[in-house]
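Chains as they are written, first to last, in the working numbering: chain G, 455 to 852; chain C, 455 to 852; chain R, 455 to 852.
Rather than coming from a laboratory, the hints here were simulated on the basis of the structure. Note that this is a predicted model, so its numbers are computed, not measured. There's no promise every hint is true.
Identical copies carry no separate label here, and so any pair may be met within one copy or between two of them.
As the list claims (entries may be wrong) - Restricting the straight-line Cα-Cα distance to at most 20 Å, the calculated cross-link-like pairs of lysine to aspartate or glutamate (DMTMM-like) are:
id : residue 1 : residue 2
1  : K643      : E719
2  : K524      : E549
3  : K796      : D737
4  : K740      : E483
5  : K550      : D523
6  : K476      : E597
7  : K550      : E597
8  : K632      : E590
9  : K586      : E557
10 : K524      : E557
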Amino acid sequence: MNATLLRDIELIDSLESGLHQKDFLLTWEKQEGDLRTILHVASVLKQMRDQHISPRVFDSGLAVSNFRDKSTRTRFSFASASNMLGLAVQDLDEEKSQISHGETVRETAAMISFLTDFIGIRDDMYLGEGNKYMREIAASLDESFAEGILPVRPGVINLQCDMDHPTQSLADLMHLQKIYGSLEALRGKKFVMSWAYSPSYGKPLSVPQGIIALMTRFGMDVQLAYPEGYELIPDVLEKAELFAKQSGGSFRVSHDMQEAMQDAEIVYPKSWAPYHIMEKRTDLLKTGDKAGLDALEEECLAKNAQHVDWEYGVAHKAATLNGNARYMHCLPADISGISCPKGEVEADVFEASRLETYQEAGYKPYIIAAMMICNRFANPAALFKKLIERNRPRVSHV
Amino acid sequence: MNATLLRDIELIDSLESGLHQKDFLLTWEKQEGDLRTILHVASVLKQMRDQHISPRVFDSGLAVSNFRDKSTRTRFSFASASNMLGLAVQDLDEEKSQISHGETVRETAAMISFLTDFIGIRDDMYLGEGNKYMREIAASLDESFAEGILPVRPGVINLQCDMDHPTQSLADLMHLQKIYGSLEALRGKKFVMSWAYSPSYGKPLSVPQGIIALMTRFGMDVQLAYPEGYELIPDVLEKAELFAKQSGGSFRVSHDMQEAMQDAEIVYPKSWAPYHIMEKRTDLLKTGDKAGLDALEEECLAKNAQHVDWEYGVAHKAATLNGNARYMHCLPADISGISCPKGEVEADVFEASRLETYQEAGYKPYIIAAMMICNRFANPAALFKKLIERNRPRVSHV
Amino acid sequence: MNATLLRDIELIDSLESGLHQKDFLLTWEKQEGDLRTILHVASVLKQMRDQHISPRVFDSGLAVSNFRDKSTRTRFSFASASNMLGLAVQDLDEEKSQISHGETVRETAAMISFLTDFIGIRDDMYLGEGNKYMREIAASLDESFAEGILPVRPGVINLQCDMDHPTQSLADLMHLQKIYGSLEALRGKKFVMSWAYSPSYGKPLSVPQGIIALMTRFGMDVQLAYPEGYELIPDVLEKAELFAKQSGGSFRVSHDMQEAMQDAEIVYPKSWAPYHIMEKRTDLLKTGDKAGLDALEEECLAKNAQHVDWEYGVAHKAATLNGNARYMHCLPADISGISCPKGEVEADVFEASRLETYQEAGYKPYIIAAMMICNRFANPAALFKKLIERNRPRVSHV
Numbered sequence: 455m456n457a458t459l460l461r462d463i464e465l466i467d468s469l470e471s472g473l474h475q476k477d478f479l480l481t482w483e484k485q486e487g488d489l490r491t492i493l494h495v496a497s498v499l500k501q502m503r504d505q506h507i508s509p510r511v512f513d514s515g516l517a518v519s520n521f522r523d524k525s526t527r528t529r530f531s532f533a534s535a536s537n538m539l540g541l542a543v544q545d546l547d548e549e550k551s552q553i554s555h556g557e558t559v560r561e562t563a564a565m566i567s568f569l570t571d572f573i574g575i576r577d578d579m580y581l582g583e584g585n586k587y588m589r590e591i592a593a594s595l596d597e598s599f600a601e602g603i604l605p606v607r608p609g610v611i612n613l614q615c616d617m618d619h620p621t622q623s624l625a626d627l628m629h630l631q632k633i634y635g636s637l638e639a640l641r642g643k644k645f646v647m648s649w650a651y652s653p654s655y656g657k658p659l660s661v662p663q664g665i666i667a668l669m670t671r672f673g674m675d676v677q678l679a680y681p682e683g684y685e686l687i688p689d690v691l692e693k694a695e696l697f698a699k700q701s702g703g704s705f706r707v708s709h710d711m712q713e714a715m716q717d718a719e720i721v722y723p724k725s726w727a728p729y730h731i732m733e734k735r736t737d738l739l740k741t742g743d744k745a746g747l748d749a750l751e752e753e754c755l756a757k758n759a760q761h762v763d764w765e766y767g768v769a770h771k772a773a774t775l776n777g778n779a780r781y782m783h784c785l786p787a788d789i790s791g792i793s794c795p796k797g798e799v800e801a802d803v804f805e806a807s808r809l810e811t812y813q814e815a816g817y818k819p820y821i822i823a824a825m826m827i828c829n830r831f832a833n834p835a836a837l838f839k840k841l842i843e844r845n846r847p848r849v850s851h852v
Numbered sequence: 455m456n457a458t459l460l461r462d463i464e465l466i467d468s469l470e471s472g473l474h475q476k477d478f479l480l481t482w483e484k485q486e487g488d489l490r491t492i493l494h495v496a497s498v499l500k501q502m503r504d505q506h507i508s509p510r511v512f513d514s515g516l517a518v519s520n521f522r523d524k525s526t527r528t529r530f531s532f533a534s535a536s537n538m539l540g541l542a543v544q545d546l547d548e549e550k551s552q553i554s555h556g557e558t559v560r561e562t563a564a565m566i567s568f569l570t571d572f573i574g575i576r577d578d579m580y581l582g583e584g585n586k587y588m589r590e591i592a593a594s595l596d597e598s599f600a601e602g603i604l605p606v607r608p609g610v611i612n613l614q615c616d617m618d619h620p621t622q623s624l625a626d627l628m629h630l631q632k633i634y635g636s637l638e639a640l641r642g643k644k645f646v647m648s649w650a651y652s653p654s655y656g657k658p659l660s661v662p663q664g665i666i667a668l669m670t671r672f673g674m675d676v677q678l679a680y681p682e683g684y685e686l687i688p689d690v691l692e693k694a695e696l697f698a699k700q701s702g703g704s705f706r707v708s709h710d711m712q713e714a715m716q717d718a719e720i721v722y723p724k725s726w727a728p729y730h731i732m733e734k735r736t737d738l739l740k741t742g743d744k745a746g747l748d749a750l751e752e753e754c755l756a757k758n759a760q761h762v763d764w765e766y767g768v769a770h771k772a773a774t775l776n777g778n779a780r781y782m783h784c785l786p787a788d789i790s791g792i793s794c795p796k797g798e799v800e801a802d803v804f805e806a807s808r809l810e811t812y813q814e815a816g817y818k819p820y821i822i823a824a825m826m827i828c829n830r831f832a833n834p835a836a837l838f839k840k841l842i843e844r845n846r847p848r849v850s851h852v
Numbered sequence: 455m456n457a458t459l460l461r462d463i464e465l466i467d468s469l470e471s472g473l474h475q476k477d478f479l480l481t482w483e484k485q486e487g488d489l490r491t492i493l494h495v496a497s498v499l500k501q502m503r504d505q506h507i508s509p510r511v512f513d514s515g516l517a518v519s520n521f522r523d524k525s526t527r528t529r530f531s532f533a534s535a536s537n538m539l540g541l542a543v544q545d546l547d548e549e550k551s552q553i554s555h556g557e558t559v560r561e562t563a564a565m566i567s568f569l570t571d572f573i574g575i576r577d578d579m580y581l582g583e584g585n586k587y588m589r590e591i592a593a594s595l596d597e598s599f600a601e602g603i604l605p606v607r608p609g610v611i612n613l614q615c616d617m618d619h620p621t622q623s624l625a626d627l628m629h630l631q632k633i634y635g636s637l638e639a640l641r642g643k644k645f646v647m648s649w650a651y652s653p654s655y656g657k658p659l660s661v662p663q664g665i666i667a668l669m670t671r672f673g674m675d676v677q678l679a680y681p682e683g684y685e686l687i688p689d690v691l692e693k694a695e696l697f698a699k700q701s702g703g704s705f706r707v708s709h710d711m712q713e714a715m716q717d718a719e720i721v722y723p724k725s726w727a728p729y730h731i732m733e734k735r736t737d738l739l740k741t742g743d744k745a746g747l748d749a750l751e752e753e754c755l756a757k758n759a760q761h762v763d764w765e766y767g768v769a770h771k772a773a774t775l776n777g778n779a780r781y782m783h784c785l786p787a788d789i790s791g792i793s794c795p796k797g798e799v800e801a802d803v804f805e806a807s808r809l810e811t812y813q814e815a816g817y818k819p820y821i822i823a824a825m826m827i828c829n830r831f832a833n834p835a836a837l838f839k840k841l842i843e844r845n846r847p848r849v850s851h852v
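Model the full assembly from the supplied sequences, consistent with the hints where possible.
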């Protein structure tokens with residue numbers, strides 16, 4: 455067992471964590487020890503994979519995915535995490551299921567769970583709905599487990615909701631931890647989460663909200679930048695302020711991209727739709743007001759178009775620390791001249807960091823697997839010692 | 455090995471069964487010993503799961519599912535059963551396959567089976583077609599296996615056809631067996647399979663037919679109730695009559711829901727479409743008569759609307775034994791005020807039994823896995839002794 | 455270990471192969487030793503399966519499939535091959551992924567590959583595009599692997615492109631090898647790859663091209679027959695000519711089906727669309743010229759209709775060697791009177807060889823698995839010795 459692996463396992467052992475048998479829905483509901491545990495468990499899993507040691511802990515079992523919106527990276531991350539641990543993915547495709555026949559949420563939850571270990575859900579489209587749906591599923595699982603209907607209580611994992619995107623923000627944090635060597639090394643760094651121009655409409659709030667509520671917990675100087683009118687949910691801003699105070703960092707809001715970027719060490723320019731628009735959209739969707747929805751989209755795109763200067767470019771980058779801030783993105787980015795005529799980032803600026811954004815994305819499978827391990831095993835450190843001793847190769851040696 | 459597990463294994467050993475290397479298409483083609491064997495094998499599998507012992511018997515292999523109609527619980531049950539035994543599910547999605555390019559049934563059967571252990575099929579939409587399709591698949595598999603084209607003959611499992619729904623009816627029977635302690639304890643109990651009002655059109659006949667043809671085999675007093683004009687297939691009624699006579703139970707038909715419910719111990723109120731309508735619909739579909747189909751649907755819904763009083767409610771329940779009959783349903787039910795304005799069952803009556811219906815549904819994965827085990831292993835009792843001795847944990851211990 | 459298995463393993467050991475860590479995109483890029491290795495590795499895998507010995511080499515890992523066109527047999531073959539070796543299939547469904555949000559090919563390649571061992575791609579619709587797409591994916595994987603973003607470099611397997619269909623042509627060759635006893639036994643046999651009439655439009659060129667470029671490598675007298683105007687890509691014909699010369703076989707072109715069939719020992723009558731039409735179609739698709747596409751389809755079908763006499767039938771068969779040439783097809787065939795009023799082959803002629811075409815198709819899973827084994831293991835012979843010594847049963851014994 456090499457030194458880094460050993461150190462990670464010892465750190466896991468030393469941390470307080472309340473993750474056992476708990477769902478993972480919002481990072482801001484979790485304790486700092488929980489978050490640190492996830493990162494170190496993910497790190498051990500990644501090292502085991504890199505060293506060709508199988509971390510398989512399930513001989514059989516299902517991991518159900520329920521994607522209510524499109525996904526590539528999260529879908530494959532969930533599949534990879536499940537597979538790594540020995541679970542088979544079964545997708546709940548609502549078009550092919552009885553859900554279109556009037557099944558209630560709590561009934562669906564039970565029906566997909568008789569031999570299921572985890573349910574991963576993406577439901578990010580409607581403000582006030584996605585996270586609520588996850589909690590309805592969770593409450594039904596509690597009930598069915600309490601009644602002896604389910605042999606185990608499947609863990610629920612938020613794969614992006616209307617409020618948070620914890621597997622993304624934690625993968626982003628793990629990326630920073632690996633680059634700078636530790637979470638402690640992030641202390642005092644200026645991190646800018648900035649709105650960026652996009653020609654598309656209705657991008658979720660979960661990433662910027664997830665980022666400001668997580669990065670403020672580790673002593674960074676977090677700045678949120680957006681044109682006036684592009685507000686996030688006020689509750690989440692309060693969380694960010696509180697966390698910054700507690701962690702010895704800071705949290706500020708700016709409405710000037712160029713000014714915000716001044717001396718930034720890490721930047722995350724990414725589009726989103728204002729929360730009051732998202733609220734309005736949800737209301738219109740509920741009443742089925744098609745004309746209203748079309749009008750709202752038109753209004754919104756017109757508003758976006760007033761802020762084409764919020765395209766992260768050479769001039770912005772020049773203002774950052776040493777003119778070379780670390781660029782982050784959850785991908786796919788709207789890259790000017792590549793994915794759209796004008797978008798979130800200039801092509802050359804993106805290209806300079808493109809492979810780093812892939813590296814950033816690559817942590818997500820391990821974050822999800824870590825959530826699974828911590829939900830199921832009270833003592834992940836002991837588990838890892840046993841798995842490393844078992845030393846089962848992932849691929850047969852010759 | 456605990457006592458219940460041991461007793462189930464001994465019972466399996468003592469029963470005559472002809473299930474080895476046979477498809478499971480209709481319960482009424484099977485001997486009583488076959489059905490009892492399925493129940494006890496399912497029971498052993500459930501106990502192993504509850505005791506965290508892996509029943510995995512396949513190191514690799516495919517279980518193909520072919521759902522020609524929507525499904526949640528059967529889809530997940532098939533996936534769970536396959537996974538529990540070590541098989542990977544591969545769905546035959548006819549839209550994505552060459553079937554839209556004119557492939558014949560017998561060719562498809564061979565093409566999906568080169569390394570396949572089981573094929574589960576749902577085809578319940580067209581009277582006279584679903585079961586026939588399964589037999590065409592089976593005949594092709596016989597031919598390809600005989601010619602040495604397939605290394606094993608995949609077993610075919612009926613996941614609901616136009617005539618029967620054996621994984622459902624056997625899960626229902628297992629539920630009763632577990633509640634009352636044994637199949638013998640069911641003797642003499644009054645079981646009412648009743649039509650119920652639904653605002654939807656064209657629900658399959660497979661559940662009521664499957665129920666009356668199975669429950670009559672174990673000495674129950676089975677009553678079938680429906681408004682005149684909602685007949686089931688006459689052949690299946692003959693089966694039910696014959697089985698009731700053989701088992702020392704009874705089988706009667708009533709056209710009055712309230713009267714049928716009198717002193718009932720178990721009730722199963724569930725909508726279906728009359729078989730002659732289903733026949734007519736199949737004919738219209740074959741000739742592509744869109745106008746005829748629309749007219750038939752309208753006529754049918756109008757006819758349903760004449761029987762809104764066949765909503766199972768407080769008054770019906772009050773007439774049952776001790777005013778407290780056990781309520782069963784294959785789910786999802788049309789619940790008045792929840793899934794539709796008025797449907798098969800009053801909301802309060804359903805709610806009182808809701809969790810029991812989940813329990814009932816929970817046996818299906820084990821029934822399907824039992825069908826797989828019995829198809830593949832000539833001596834399931836000996837297999838289980840070996841698996842329990844192997845004692846492989848489903849999830850790693852720490 | 456029986457004699458045939460032992461001989462195959464020794465042959466693998468004796469052959470020069472450059473397959474390790476290489477993608478499999480076109481047979482004509484591979485050396486003869488590579489192709490022979492694939493066949494013998496596939497043969498060992500088939501024998502292990504037939505003898506119930508598990509060839510599982512992966513404890514976990516993903517095999518990603520990306521089908522950009524419909525498929526039954528290749529989809530199931532890829533699933534079977536992956537499952538046999540211990541990999542879970544994860545399908546990249548481009549409608550459900552972020553690809554519709556403007557993701558670039560190279561980004562997608564990385565995003566689906568963090569814990570992926572193989573990517574199988576079908577992209578056969580547009581001339582000049584399918585193989586190019588595979589190479590773009592491959593180049594991105596190279597880049598991400600070199601940068602340490604991916605822990606292993608996933609192998610790319612061509613499951614049919616616009617130019618070649620190597621898993622099909624190698625399965626076809628394996629079928630001939632098994633029937634005639636060896637590749638050497640094929641020397642001097644007359645093999646006719648013939649265009650055949652079809653009422654459908656736009657069948658890909660990959661099968662006829664793959665066949666002539668492969669069958670010419672083993673000393674056969676290969677004849678390509680088609681009505682004038684139905685040309686294949688000239689480059690591939692040059693390959694076929696060169697290979698025929700190198701292998702001591704021959705390659706000729708004929709425009710008369712009856713004449714071509716004279717004394718043929720093996721025939722492969724199959725429709726395709728002329729390559730210049732496919733080029734035109736690709737251009738029209740790129741410019742989105744809907745009217746042009748409709749006109750092209752109409753023109754093409756009219757042209758096909760001039761060649762209904764290219765239906766392989768009794769008279770053609772009578773002219774072949776002993777009036778009994780071996781009939782091959784990649785399936786599904788357009789069978790006159792069965793899948794269409796008039797098509798590629800007369801019903802009786804097809805029926806006489808139907809089960810043999812299933813046998814032919816049955817080699818594909820093993821060919822794909824062999825490509826995986828040879829990509830991942832530098833010394834497949836040593837691997838097999840170890841696996842046979844391990845002797846893990848695929849299904850539990852009782």
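Going down the list of hints, with the structure as the test:
Proximity of K643 to E719 under the C-alpha cut-off of 20 Å is restricted to the intra-copy arrangement: shortest distance 6 Å within a copy versus 71 Å between copies. Within a single copy, K524 and E549 get their C-alpha atoms as close as 14 Å, and across copies as close as 8 Å, so both meet the 20 Å cut-off. Taking the shortest alpha-carbon separations for K796 and D737, neither the intra-copy value of 30 Å nor the inter-copy value of 27 Å comes in at or below 20 Å. Proximity of K740 and E483 under a CA criterion of 20 Å is satisfied in neither setting, with 29 Å inside one chain copy and 50 Å between copies.
Within a single copy, K550 and D523 get their C-alpha atoms as close as 15 Å, and across copies as close as 8 Å, so both meet the 20 Å cut-off. Proximity of K476 and E597 under a CA criterion of 20 Å is satisfied intra-copy only: 15 Å inside one chain copy versus 39 Å between copies. For the identical chains of this complex, K550 and E597 are neighbours neither inside a copy (26 Å) nor across copies (32 Å), given an alpha-carbon limit of 20 Å. Within a single copy, K632 and E590 get their C-alpha atoms no closer than 36 Å, and across copies no closer than 29 Å, so neither meets the 20 Å cut-off.
For the homomeric pair K586 and E557, the shortest alpha-carbon distance inside one copy (17 Å) is at most 20 Å, but the shortest distance between copies (30 Å) is not. Taking the closest pair of Cα atoms, K524 and E557 come within 20 Å of each other only across two copies (12 Å); inside a single copy the shortest separation is 22 Å, beyond that limit.
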